[in-house]
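Trainee: Now for the letters of each chain:
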Amino acid sequence: MNKVLQNQERTGLWLIKIGSGVVVFFVLAIHLVVNHLAAPEGLLLYEDVVNYYRNPIVPVMEVIFLIVVISHALAGFRSILMDLNLPARLQRWIDALLMIVGTAGIVYGTWLVVVIVSRGKGL
Amino acid sequence: MRLFQDRPSWRNFLRWFIPLKRKTGSWAFVLNRVTALGLLFYLCLHLVMLYQLAQGPQAYDSFIAFAKSPIIKFSEMFVIAGGILHGLNGVRIILNSFGIGVRRQKVLFYSLMTIAAVGISFFAYRMFFGA
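As you go down the protein sequences, you meet chains Z and A in turn. Residue numbers for the first sequence, in my numbering: 1 to 123. Residue numbers for the second sequence, in my numbering: 1001 to 1131.
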């Protein structure tokens, strides 16, 4: 197998990118409406955010949004990097790095959601 | 230096900035990649900035007061525009990938970009002149 073929995107990853893109499209629409259209001057204050997260659907939706948006972003970034036709070994290192960055981002974002939800329980 | 070659290369990155001999499909490709990089940068920034929420109401609300300044709102408009353009361009890519509208790619692209322009104008109006 030559180097160009080695660096091609596999069908599974392509499907993740496309599928997550569709989910992001719809959840982002909700996110934009809540945070930029419904909110006064386009931004929610701390109390508004905490109250918004008291609805049990919101934390679940936001964590799903976090997972799909990070997956989509990193799979897309990988596609852009593949255009540079990097050596296969470097590409493998980049894949590992993207996996670590993605996992760290999801863990951090989920922790943040848990913190906001816990603040709402005291109200 | 060969700037135009078929196989993937880091030199292809330079092609994004060369407007010569570019067709609609190529503009759509560049738009997708440029908005993707911009949105990825914003996503990182957004996640870092949201740490203010964990620091409490004072830290977060003073950050929001700063974010309401015209220059930040103007920058945020770029993010919203990037999101709408990337999203609708992505719809075209998905449809084309499944064989839908392949023969009418140009019409599909311009139609979706018209919807994007309307959406961006609507958000801009609401953000700068809305209640």
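Keep in mind that the hints are not guaranteed to be accurate.
Not everything, but these chain A residues come out facing chain Z in the computed CB check (under 7 Å) [said to hold, decoys possible]:
#, residue
1, Met1049
2, Leu1053
3, Arg1126
Think of the hints as simulated: they come from the structure by calculation, not from any bench. The structure presented is a predicted model; accordingly, all values stated were derived computationally and were not measured. Note that CB positions come from ideal geometry on N, CA and C, so glycine has one too.
Trainee: Would you mind marking each hint as holding or not holding in the structure?
Mentor: Checked hints:
Nearest Cβ of chain Z to the Cβ of A:Met1049: about 11 Å, over the 7 Å cut. The hint is violated. Hint status for A:Leu1053 relative to chain Z: holds, with the closest Cβ pair at about 6 Å, below 7 Å. Checking A:Arg1126 against chain Z by beta carbon gives a least distance of about 6 Å; that is within 7 Å, so the hint holds.
Checked against the numbered hints given earlier, this structure breaks only hint 1.
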